[in-house]
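Line by line, the protein sequences are chains A and B.
Numbering of the first sequence is given in full-length UniProt numbering, commencing with residue 1 and proceeding in unit increments.
Numbering of the second sequence is given in full-length UniProt numbering, commencing with residue 1 and proceeding in unit increments.
If you're looking for bench data, these hints aren't it; they were derived computationally from the structure.
Heads up, a few of these hints could be off.
[To be verified] Here are some, though not all, of the chain A residues that point toward chain B, as calculated from beta-carbon distances under 10 Å: (1) Val275; (2) Lys290; (3) Asp300; (4) Ile312; (5) His315.
[Stated by the list, open to error] Straight-line Cα separation of at most 25 Å, DMTMM-like style, residue types lysine to aspartate or glutamate; simulated pairs: (6) A:Lys80 to B:Asp67; (7) B:Lys267 to B:Asp51; (8) A:Lys290 to B:Glu306; (9) B:Lys335 to A:Asp267; (10) A:Lys290 to B:Glu264; (11) B:Lys323 to A:Glu289; (12) A:Lys337 to B:Glu307; (13) B:Lys277 to A:Glu320; (14) B:Lys271 to A:Asp350; (15) B:Lys289 to A:Glu320; (16) B:Lys277 to A:Glu280; (17) B:Lys286 to A:Asp271.
Every residue gets a Cβ at the ideal spot worked out from N, C-alpha and C, and that includes glycine.
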Amino acid sequence: MKKTDAIAMLLAGGQGTRLEALTRENAKPGVMFGGKYRIIDFSLSNCFHSEIYTVGVMTQYKPLLLNRYIGNGNAWALDKVNQGAYILPPYMRENHAEWYRGTADAVYQNFEFIKMYDPEYVVILSGDHIYQMNYHPMIEAAREKDADLMICVRRVPWEETFRFGIMNTDENFKITEFQEKPKEAKSNLASMGIYVFKWSVLKEALEKDHQNPESKNDFGHDVIPTLLEEQKRLYAFAFDGYWRDVGTVDSYYDANMDLLDTREDLDLTSDYLRVFSNNEHRDPHFVGEKADVYNSLIADGCYINGKVSRSILAHDVVIEEGAVVEDAILFGNVRVKSGSVIKRAIVADDVTVKPGEAVGNAEGKITLHVGGDQS
Amino acid sequence: MKKIAGIIINSSNQLDLDALVKHRSIHTIPIGGKYRLIDFPLSNLVNMAQDLYVGVIGSYNYRSLVDHLKQGQDWNLSRKSNDLLILQGDRSAKIGQVSRISIQDFVDNREFFDKLSDDVEHIVLSGTNVVSNIDYRAILDKHDANQADMTLLYKENYDGEIQNKEVRLVVDGDDVKEIIYGNDKRQGGELFIDSLVINRTLFMQILAEAEKRGLVDFIELVDQCLSDYKVKAYNVPGYVKIINSIQAYFNCSMDILTCDTNLELFKQERKVYTKAKDNHPTVYGKEAKVKKALVASGAIVNGTIEESIVFRNATIHEGAKIKNSVIMQGAVVEKDAVVVNAILDKNAVVKQGEFITSTTKEPILIQKRA
Numbered sequence: 001m002k003k004t005d006a007i008a009m010l011l012a013g014g015q016g017t018r019l020e021a022l023t024r025e026n027a028k029p030g031v032m033f034g035g036k037y038r039i040i041d042f043s044l045s046n047c048f049h050s051e052i053y054t055v056g057v058m059t060q061y062k063p064l065l066l067n068r069y070i071g072n073g074n075a076w077a078l079d080k081v082n083q084g085a086y087i088l089p090p091y092m093r094e095n096h097a098e099w100y101r102g103t104a105d106a107v108y109q110n111f112e113f114i115k116m117y118d119p120e121y122v123v124i125l126s127g128d129h130i131y132q133m134n135y136h137p138m139i140e141a142a143r144e145k146d147a148d149l150m151i152c153v154r155r156v157p158w159e160e161t162f163r164f165g166i167m168n169t170d171e172n173f174k175i176t177e178f179q180e181k182p183k184e185a186k187s188n189l190a191s192m193g194i195y196v197f198k199w200s201v202l203k204e205a206l207e208k209d210h211q212n213p214e215s216k217n218d219f220g221h222d223v224i225p226t227l228l229e230e231q232k233r234l235y236a237f238a239f240d241g242y243w244r245d246v247g248t249v250d251s252y253y254d255a256n257m258d259l260l261d262t263r264e265d266l267d268l269t270s271d272y273l274r275v276f277s278n279n280e281h282r283d284p285h286f287v288g289e290k291a292d293v294y295n296s297l298i299a300d301g302c303y304i305n306g307k308v309s310r311s312i313l314a315h316d317v318v319i320e321e322g323a324v325v326e327d328a329i330l331f332g333n334v335r336v337k338s339g340s341v342i343k344r345a346i347v348a349d350d351v352t353v354k355p356g357e358a359v360g361n362a363e364g365k366i367t368l369h370v371g372g373d374q375s
Numbered sequence: 001m002k003k004i005a006g007i008i009i010n011s012s013n014q015l016d017l018d019a020l021v022k023h024r025s026i027h028t029i030p031i032g033g034k035y036r037l038i039d040f041p042l043s044n045l046v047n048m049a050q051d052l053y054v055g056v057i058g059s060y061n062y063r064s065l066v067d068h069l070k071q072g073q074d075w076n077l078s079r080k081s082n083d084l085l086i087l088q089g090d091r092s093a094k095i096g097q098v099s100r101i102s103i104q105d106f107v108d109n110r111e112f113f114d115k116l117s118d119d120v121e122h123i124v125l126s127g128t129n130v131v132s133n134i135d136y137r138a139i140l141d142k143h144d145a146n147q148a149d150m151t152l153l154y155k156e157n158y159d160g161e162i163q164n165k166e167v168r169l170v171v172d173g174d175d176v177k178e179i180i181y182g183n184d185k186r187q188g189g190e191l192f193i194d195s196l197v198i199n200r201t202l203f204m205q206i207l208a209e210a211e212k213r214g215l216v217d218f219i220e221l222v223d224q225c226l227s228d229y230k231v232k233a234y235n236v237p238g239y240v241k242i243i244n245s246i247q248a249y250f251n252c253s254m255d256i257l258t259c260d261t262n263l264e265l266f267k268q269e270r271k272v273y274t275k276a277k278d279n280h281p282t283v284y285g286k287e288a289k290v291k292k293a294l295v296a297s298g299a300i301v302n303g304t305i306e307e308s309i310v311f312r313n314a315t316i317h318e319g320a321k322i323k324n325s326v327i328m329q330g331a332v333v334e335k336d337a338v339v340v341n342a343i344l345d346k347n348a349v350v351k352q353g354e355f356i357t358s359t360t361k362e363p364i365l366i367q368k369r370a
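Based on the sequences and whatever the hints tell you, model everything.
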């Protein structure tokens with residue numbers, strides 16, 4: 001086979017416990033976003049736009065929905081000859097079997113897959129970030145600087161540096177020090193969990209990491225600090241576009257609401273770096289005579305006859321006459337009965353909000369409503 | 001189970017569709033926010049049977065048809081087993097023949113029909129401009145129960161636009177008594193909707209016979225052998241409209257905006273499929289005011305819309321007012337423009353402050369832009 005320039009390995013095994021009930025039946029990358037997308041659409045679409053057509057998707061936690069959704073990657077136009085999206089679950093060896101123990105271990109366990117392509121670079125991605133990015137310039141920069149590892153970073157407010165893995169660099173963006181969630185940061189360049197590795201370097205590093213019984217087999221926690229100790233050539237690549245880790249209910253809610261503002265750094269309507277998704281057949285939505293809809297995103301198949309403002313409605317949602325939905329995210333097939341009010345809430349799939357019921361509060365924590373006896 | 005061959009025939013006589021078919025084949029006239037006309041007959045066929053060969057007879061202007069159908073994956077047709085074939089068509093119209101169901105179109109595709117194996121028992125012919133969610137399974141069952149050679153589909157008391165070019169059937173119960181077509185001036189009869197079920201062996205015989213006799217119209221031949229075969233009629237229940245003119249197109253669009261018709265066409269177990277597109281959900285801006293509208297994904301709405309259909313990727317700017325209209329994909333209505341009783345074809349632009357208004361009896365068509 002022709003030598004491949006770069007392939008991507010996409011980490012999609014996370015349980016996402018901080019998204020609470022939203023990940024009860026579904027891995028985090030498979031959670032709905034923006035009314036019609038799933039979180040993983042962003043990374044997969046980025047791969048297409050970066051001309052990376054081979055994407056290994058490592059799944060582990062409740063992967064069935066995600067596996068079915070991704071298929072062979074044709075929805076993201078990745079299904080070229082001998083390329084595409086490939087689901088990579090943990091598998092059994094001759095004499096043992098184990099789960100993915102950490103991000104680095106997940107990639108290590110799929111070395112055989114990477115060897116089939118023998119790429120020059122391996123791009124490590126997370127399936128739970130919201131951002132639109134072309135990875136190509138980052139790979140080019142890695143080549144130019146002869147970097148062993150290029151880490152994508154973004155500037156975060158200084159007061160938030162304690163939440164991130166912080167990279168300290170010299171004037172050429174060569175990484176000199178790595179601080180994991182520091183109390184006193186020396187820079188505000190935070191790692192985004194996007195890595196471009198030289199395949200030869202990745203191979204050696206992960207083999208070493210695998211031999212180390214002390215290691216937690218995590219890129220940020222183990223592999224990167226070791227590479228720094230070994231004085232490998234690590235560089236930072238700055239990304240100044242929109243990027244969000246939607247790991248908590250609040251950050252998930254905020255990122256969705258960002259879609260309702262007109263902003264240049266996150267524009268789903270633009271053709272540039274357009275986000276693709278695995279579309280299902282649904283009819284256009286219907287707005288009834290008693291409806292009032294504004295500043296919202298509405299997916300196909302909905303029927304709206306109530307008031308909807310600053311909200312995101314996924315497919316086949318029904319809003320009856322006299323119902324009010326404000327600052328809310330409604331998942332697929334939610335039914336909002338007449339006279340009910342939803343404010344600042346996320347309502348999970350298939351939930352029916354009963355007539356006259358009130359969900360959510362105008363202030364305070366975002367309400368996560370999973371319906372009936374389950375809540 | 002026996003296989004079925006479904007053929008979507010080309011509709012001749014498209015003159016009254018005017019500019020809607022100027023740059024596209026009749027099959028691909030956009031309708032209902034995200035569909036094309038052919039999506040209705042094609043989905044009906046697909047919903048009828050798993051084991052299905054589909055042939056779509058193209059028209060002279062077939063680029064848009066190929067672009068829309070590709071290999072048929074979006075209609076559940078597999079590309080490996082050659083489920084879908086686009087057939088050549090429309091030669092008869094070019095040589096000045098006018099027919100309801102063109103025999104020339106079948107003769108030109110002889111190979112397709114010859115290749116159908118013995119396990120194909122029935123052939124279903126379906127008109128391309130019939131907007132209806134038809135349960136062909138029930139029709140096939142009825143066809144078999146009647147032990148019919150042929151079952152012609154009609155709509156009782158059709159209340160849509162008629163142009164006196166349509167074929168009408170005089171029926172008595174399940175039986176077809178007479179066929180009225182061509183220059184026949186007789187009144188009465190029920191509207192034949194250009195669709196029928198026929199046994200394959202008979203179809204092949206008829207084809208050979210028609211060729212021998214030099215007949216042009218399949219219907220003419222059916223009429224001539226009405227007494228020789230068991231020809232039955234089937235009244236299609238529910239919503240059925242033939243799109244044969246701009247007015248008919250406009251009326252049908254307004255029908256789709258009524259709740260009953262909408263539910264009947266789109267919310268059945270039998271889905272209407274169409275080509276998938278990567279559109280964002282519909283964006284409603286802060287100034288949007290929308291009542292009684294069908295709006296597709298990919299549209300951006302920031303104006304006032306009433307009783308209208310808005311297609312994928314259409315943009316309605318702030319202050320624009322739209323009423324009783326069809327805004328096709330990619331069309332743009334700029335700031336403060338007014339559009340009433342109009343059809344904006346694909347990519348049409350209504351400039352800032354411009355007024356496009358007409359009456360429901362005479363909807364105005366703003367032509368497609370490349």
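Item checked: Interface hint status, A:Asp300 versus chain B (Cβ within 10 Å) -> For A:Asp300, the interface hint holds, since the closest Cβ of chain B sits about 5 Å away, which is under 10 Å.
Check: At a threshold of 10 Å, is the proposed contact between A:Val275 and chain B supported by beta-carbon distances?
Finding: OK, holds: A:Val275 within 10 Å of chain B, min 8 Å.
Next item on the list: Closer than 10 Å between Cβ atoms is the bar; does A:Lys290 clear it against chain B? Give me holds or violated.
Entry: 8 Å, holds
Checklist line | Given pair status - B:Glu306, A:Lys290, alpha carbons within 25 Å | finding: 11 Å, holds
Note to self: With the threshold set at 25 Å, check whether the alpha-carbon distance from B:Lys335 to A:Asp267 stays at or below it.
What the structure shows: 21 Å, holds
Check: Between B:Lys323 and A:Glu289, is the straight-line Cα distance small enough, at 25 Å or below?
Finding: With Cα atoms ~13 Å apart, B:Lys323 and A:Glu289 stay inside 25 Å; holds.
Note to self: Hinted pair, alpha-carbon criterion (25 Å max): A:Lys337, B:Glu307. Please report holds or violated.
What the structure shows: 24 Å, holds
Next item on the list: With a cut-off of 25 Å on the C-alpha distance, tell me whether B:Lys267 and B:Asp51 pass.
Entry: 24 Å, holds
Checklist line | 25 Å limit on alpha-carbon distance, applied to hinted pair B:Lys289 and A:Glu320 | finding: Holds, at roughly 17 Å.
Note to self: Tell me if the straight-line CA distance from A:Lys290 to B:Glu264 falls inside 25 Å.
What the structure shows: Given pair A:Lys290, B:Glu264 holds - Cα atoms ~21 Å apart, limit 25 Å.
Notebook entry, point to check: Would the stated hint for A:His315 survive a check requiring a Cβ distance to chain B of less than 10 Å?
Noted result: Cβ of A:His315 sits 9 Å from chain B, so the hint holds.
Check: B:Lys277 and A:Glu280: Cα distance at most 25 Å?
Finding: 10 Å, holds
The structure fails hint 13 only (numbered hints given earlier).
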